[in-house]
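The listed protein sequences correspond, in order, to chains R and H.
Just so we're aligned, residue 1 is where the first sequence starts under my numbering, counting upward by one.
Just so we're aligned, residue 1001 is where the second sequence starts under my numbering, counting upward by one.
Think of the hints as simulated: they come from the structure by calculation, not from any bench.
One should not assume that every hint holds.
[Stated by the list, open to error] Distance condition first, Cα-Cα at most 25 Å in a straight line; then the derived SDA-like pairs of lysine to any residue:
1) R:Lys344 - R:Gln99
2) R:Lys54 - H:Pro1262
3) H:Lys1300 - H:Val1327
4) H:Lys1151 - R:Gln460
5) H:Lys1113 - R:Lys344
6) R:Lys344 - R:Phe195
7) H:Lys1033 - R:Leu48
8) H:Lys1182 - R:Gly18
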Amino acid sequence: MEALTNLLLGFSVALTPGNLFWCFVGVFLGTVVGILPGLGPAATIAMLLPLTFKMDHTAAIIMLAGIYYGSKYGGSTTSILLNVPGESASVVTCLDGYQMARQGRAGPALGISAIASFVAGTVGVIGLMLIAPPVARFALRFGPPEYFALMVLGLTMVVFLAGRSMIKGLLAMLVGLWLAGVGTDLFTAESRFTFGHMELLDGIDFVVVSIGIFAVAEVMVNMESRGGTELFKVPRGIRNLMPTLKDLKDCRFAFLNGSVIGFLIGVLPGAGSTIASFLSYGAEKAFSRYPEKFGTGVIEGVAAPEGANNSETGGALVPLLTLGIPGSNATAILLAALILWGIKPGPLLIQDHPALFWGLVSSMYVGNVMLLVLNLPLVPLFAQILRVPYFILYPGILGISVVGVYSVSNSLFDVWMLGLFGILGYAMRKLDFPAAPLVLGMVLGDGMERALRQSLMMSQGHLSVIVTRPLSATMICLALAILIMPLVNKVRSFRLKAVEQDV
Amino acid sequence: MKRSWYCLLLITSGLVLSGTGDFAHAAAFEPTKPIEAVVHTGPGGGSDIFARAIAELMQKEKTISQRMQVVNKSGGGSAVAMSYLAEKKGDTHTIGFFTGVWVTNPLTTAAAKVMISDLTPIVRLVLEPAVFAVKADSPYKTMKDFIETAKKNPNQLKQSGGSVTGRDNLVRLVIEKATGAKWVFVSFPSGGERIANLLGGHVDAMVIEPQEAGEHIKAGNMRVIAALTDKRLPSFPNVPTLKEQGIDVPVIPQARGVLAPPGVPKEVVQYWEGVFDRFAKSAGWRQYLEQNQFEDGYLKGPALNKFFDELAVQMREVLKEAGAKVVR
Chain R
1 MEALTNLLLG
11 FSVALTPGNL
21 FWCFVGVFLG
31 TVVGILPGLG
41 PAATIAMLLP
51 LTFKMDHTAA
61 IIMLAGIYYG
71 SKYGGSTTSI
81 LLNVPGESAS
91 VVTCLDGYQM
101 ARQGRAGPAL
111 GISAIASFVA
121 GTVGVIGLML
131 IAPPVARFAL
141 RFGPPEYFAL
151 MVLGLTMVVF
161 LAGRSMIKGL
171 LAMLVGLWLA
181 GVGTDLFTAE
191 SRFTFGHMEL
201 LDGIDFVVVS
211 IGIFAVAEVM
221 VNMESRGGTE
231 LFKVPRGIRN
241 LMPTLKDLKD
251 CRFAFLNGSV
261 IGFLIGVLPG
271 AGSTIASFLS
281 YGAEKAFSRY
291 PEKFGTGVIE
301 GVAAPEGANN
311 SETGGALVPL
321 LTLGIPGSNA
331 TAILLAALIL
341 WGIKPGPLLI
351 QDHPALFWGL
361 VSSMYVGNVM
371 LLVLNLPLVP
381 LFAQILRVPY
391 FILYPGILGI
401 SVVGVYSVSN
411 SLFDVWMLGL
421 FGILGYAMRK
431 LDFPAAPLVL
441 GMVLGDGMER
451 ALRQSLMMSQ
461 GHLSVIVTRP
471 LSATMICLAL
481 AILIMPLVNK
491 VRSFRLKAVE
501 QDV
Chain H
1001 MKRSWYCLLL
1011 ITSGLVLSGT
1021 GDFAHAAAFE
1031 PTKPIEAVVH
1041 TGPGGGSDIF
1051 ARAIAELMQK
1061 EKTISQRMQV
1071 VNKSGGGSAV
1081 AMSYLAEKKG
1091 DTHTIGFFTG
1101 VWVTNPLTTA
1111 AAKVMISDLT
1121 PIVRLVLEPA
1131 VFAVKADSPY
1141 KTMKDFIETA
1151 KKNPNQLKQS
1161 GGSVTGRDNL
1171 VRLVIEKATG
1181 AKWVFVSFPS
1191 GGERIANLLG
1201 GHVDAMVIEP
1211 QEAGEHIKAG
1221 NMRVIAALTD
1231 KRLPSFPNVP
1241 TLKEQGIDVP
1251 VIPQARGVLA
1261 PPGVPKEVVQ
1271 YWEGVFDRFA
1281 KSAGWRQYLE
1291 QNQFEDGYLK
1301 GPALNKFFDE
1311 LAVQMREVLK
1321 EAGAKVVR
């Protein structure tokens, strides 16, 4: 009941014309930023910060938060259409989204991504509204051993991403883990694998690797088959550009899965939306009736991760607003904004500034509706991009990739790295190595190593700390189960075959 | 339209008039295009937020005639930003925002070739004070309790913090050396994780800024057991300093300030000194210091150079004793 009166207060704040306007500005900018690869929400919020000093604080936070969650909507666009991941959380979307586009189903893929984002984004806000304090307390129980177990669980997703050959999948993952090791060691401040290059001291940016391996490699492979390739089919008529009822029905579980996993991962300050998207993709495939089809253009493979990375934003605001703890760069700059305006973010924020908190929560409901209305009509428009002839499209993709990578840290060095990873991606394609496990290893490697070493520092070198704590033990067991599952299936099918032969 | 021209005219004439005092210098420097302000963190990092706040305050207080644009050159601790500034040798429209990391990072990182002495220091603006905090329900009521326990059970207590060359760890190292106590330092890259691990009971203590600690104390989650400063902090009048608790260690400063690329003309340095002289006295800046509970660390000229030299000597010693690989 209390939540309801609070929500009424919130909507009375969020629905004033001024706040509606700023909410729209935020989600619109967010969508644009999401579509442009490289430029992320954190950089955009930082750039717009000076404008907010003269604004009303509630209006300003509504706008800045709009940029944050709005960017997750746009992130899938270039993943689906061009195989260029717009944000790190949209890498998984490339797997099935781009395949759908190749089959002439770019429209439904974009549409379902918007719808999944809307559903899960809204669920995330409901979670933020109703269960923020208890969930935040639960998240505090995650210490380094728990994070390590979570990362191990994440790594087992390789089972679902490996494709035809598990060995090649594992090898690719190991390369990813190694790439994550490049940079400065946090614990000793020593440089690793930097070969004297100052630019490598902070490690290799994830965006550089994923755009190189996905987008640049894709262009190279396609250019090879000169003249032989046909344009992607883009069916005419709005109806063929939208997801069908059957698509929506197929995605029922994906919506739920994405919402729940995204929110829970979002609440953990040390995890992040990329992990959320990988985990929900894995869960979707694990429980699917046709797991073998994933990677060939299954619509659930788009809906689950896109849902997860939107629900994650609701989750990520939980520790920020209830404890004053930012979980990502984007939330850190939101926190900074609050401090610059003279509002003290912290455990007492909800109590001290109810209008701001509830206004923000309510505006997120409104913002998600706006995003759906904004994004769905854009679907047919974006789908037309695929009609562009290749001699324009491919240079275009390369251009977008270069600009995207350069804008991450304004460094030409990264552009050279992009070329290098493009060649690596091309070689992997030729030798039939899957790209996704490499990216998975790279995303998780850094956090996993850190969590393991932190755990060992805490336990004075005893590995038992990982299995003696109930939460981490549970996750490790789950990870083992996922690893053993394919082996069991193999044995069973082998026995079935043997039985058949006997008969 | 006409009106805005009129306003512009008024403002420019005002600027010219206010500048009359400087006419003694034959060729006083005045920026003619936006100023590039280089920081070593990404958007949302400590230095980035500090620089953006100053850019905003300067505009509000009309301390400079041009816009200040924050440029993020993150990477390599602070190495990327520092070498970027070194490459901008002689550039009159670029400044950089330094922190203590700009002194310590080149000491331990071979690839970081530019030292702070290669650049042109202008002013030090703030010293960020810090406090030593534990969880509210922790058994440690004073620093002595903590030290005693750490002595009895070496390496059992844990402290969360950032990089090993950062202030959090250096504070631990000097206290350990002075008292003979030993505890573990666990690095977390983001400030959020450091607090989360303390509140979750995974570590026992952390070094935190007073403004941040204040909110957690009000909510009943945290307790502060020592001020890591020379004098007690106004916001924590009941929290004694380390010295008062019988632990005589040097205060490790966390400084922030502004410098310019190497080889800039003297007039430019004088211009910036003048700007920051006025800025440091402005009401907006005083209010900013108070809000963030920063200590006014205003320092320039030879005194600033001396500060950097002494800091480098002190840091080198602390790091060496702790067994870190010191390359310079």
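Status of the hints after comparison with the structure:
no.: 1; hint: R:Lys344 - R:Gln99; result: violated (47 Å)
no.: 2; hint: R:Lys54 - H:Pro1262; result: violated (36 Å)
no.: 3; hint: H:Lys1300 - H:Val1327; result: violated (28 Å)
no.: 4; hint: H:Lys1151 - R:Gln460; result: holds (16 Å)
no.: 5; hint: H:Lys1113 - R:Lys344; result: violated (39 Å)
no.: 6; hint: R:Lys344 - R:Phe195; result: violated (44 Å)
no.: 7; hint: H:Lys1033 - R:Leu48; result: holds (21 Å)
no.: 8; hint: H:Lys1182 - R:Gly18; result: violated (57 Å)
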